[in-house]
Amino acid sequence: MFRKRIQDKYEEFTPRFRGLADFILENTLDVGFLTATELARRVNVDPATVVRFSQEVGYSGYRELSREIKQYVNHELALRYQKGAPEAAGLTGQVALFADELSDRILSFKTEAQHIAEVAEQLHQASRVFIIGQGVDYEAASLWATYLNIIGIQAHAVRADTSLAALMLRDATPEDVVVALSLGLSPNMECGQMLNAAQGQGLKTIAVTASPTLPPARQADFSLTVPAKTPSGYPSFDTLMALLALLWQALVALDENKSQESVQEMAAQINTLAQQCSEVPPYDITAFLRFWNQE
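Numbering (the numbering used here), first residue to last: 1265 to 1559.
Because the hints were derived from the structure by calculation, they are not lab data.
Given the structure is predicted, the values throughout are model-derived calculations rather than measurements.
In silico DMTMM-like links for lysine to aspartate or glutamate, alpha-carbon gap of 25 angstroms or less:
1) Lys1374 <-> Glu1520
2) Lys1468 <-> Asp1485
3) Lys1493 <-> Glu1376
4) Lys1374 <-> Glu1340
5) Lys1334 <-> Asp1364
6) Lys1334 <-> Glu1320
7) Lys1268 <-> Glu1332
8) Lys1468 <-> Glu1385
9) Lys1334 <-> Asp1286
10) Lys1468 <-> Asp1519
11) Lys1374 <-> Asp1502
12) Lys1374 <-> Asp1364
13) Lys1468 <-> Glu1376
14) Lys1273 <-> Glu1290
15) Lys1522 <-> Glu1382
16) Lys1273 <-> Glu1320
17) Lys1374 <-> Asp1485
18) Lys1334 <-> Asp1272
19) Lys1334 <-> Asp1310
20) Lys1493 <-> Asp1368
21) Lys1334 <-> Glu1290
22) Lys1268 <-> Glu1290
23) Lys1273 <-> Glu1332
24) Lys1268 <-> Glu1320
25) Lys1468 <-> Glu1403
26) Lys1268 <-> Asp1286
27) Lys1273 <-> Asp1310
28) Lys1493 <-> Glu1365
29) Lys1468 <-> Glu1382
The following label-pair restraints were derived from C-beta to C-beta distances:
30) Gln1539 <-> Gly1283: 19 to 29 angstroms
31) Tyr1498 <-> Gly1466: 31 to 41 angstroms
32) Phe1486 <-> Asp1519: 11 to 21 angstroms
33) Pro1451 <-> Ala1430: 20 to 30 angstroms
For every residue, glycine included, the Cβ atom is placed at its ideal position computed from N, Cα and C.
Take these sequences, add in the hints, and give me the full structure.
Listed below in structure tokens is the structure:
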């Protein structure tokens, strides 16, 4: 299989070959429809490099590699348009059906597209976004805040705690937005109380929850509820994370230039930090072991 061949050889590749490998592995469905010349243009190399790359991973040329990629793409597309995996049995067949069910729940967001867009607009217009969560919801809040900051939106994850809520409300202004996340692993009473307090200070509030009956959903000015029930009968985290990703994509679309500039600045800082690694004195792990009396 071409993917395994590429992965097995990856460490030996030149920078240009790595660029090709990355593009093929990350954009396989697109590559299935590209000629050698078109692929070369997309990756900014010459067609001869594409041919040499194909030979490096064990094919006679790009035509043979392309044929295998096309077979993979056709199989992928066929699976997407059929129910389950008829040829698969046991757990494999069940997993295929679970994938169909998850896809259906994610596609249901289309019916809420206008509401989701309105929430994205509120986030886009905010001076800052405070994302509150209780328990594991805070971890999701922290992850989402990081991704919002990546595209230039000032976002802060706040644990649902009285003292932290007090600090947030002390510094917040009416131009800020407070978002509560709730997977429904607890009643989230604290989040509901924090939203109520934020509203009392004139802040807009949003809730993204797994159930409309949870206190944050009932309290917020804007509420998005995800279809969380799975075939097991238990609610899952899958669609809540998908909705956060969807809102993130909408925010990128609302200001593509700002997002691009922010990502470029982050990448430049990462590059600087990577270059500085060589300036840091090497560390002998035995010193750490001695510190903990583990030698």
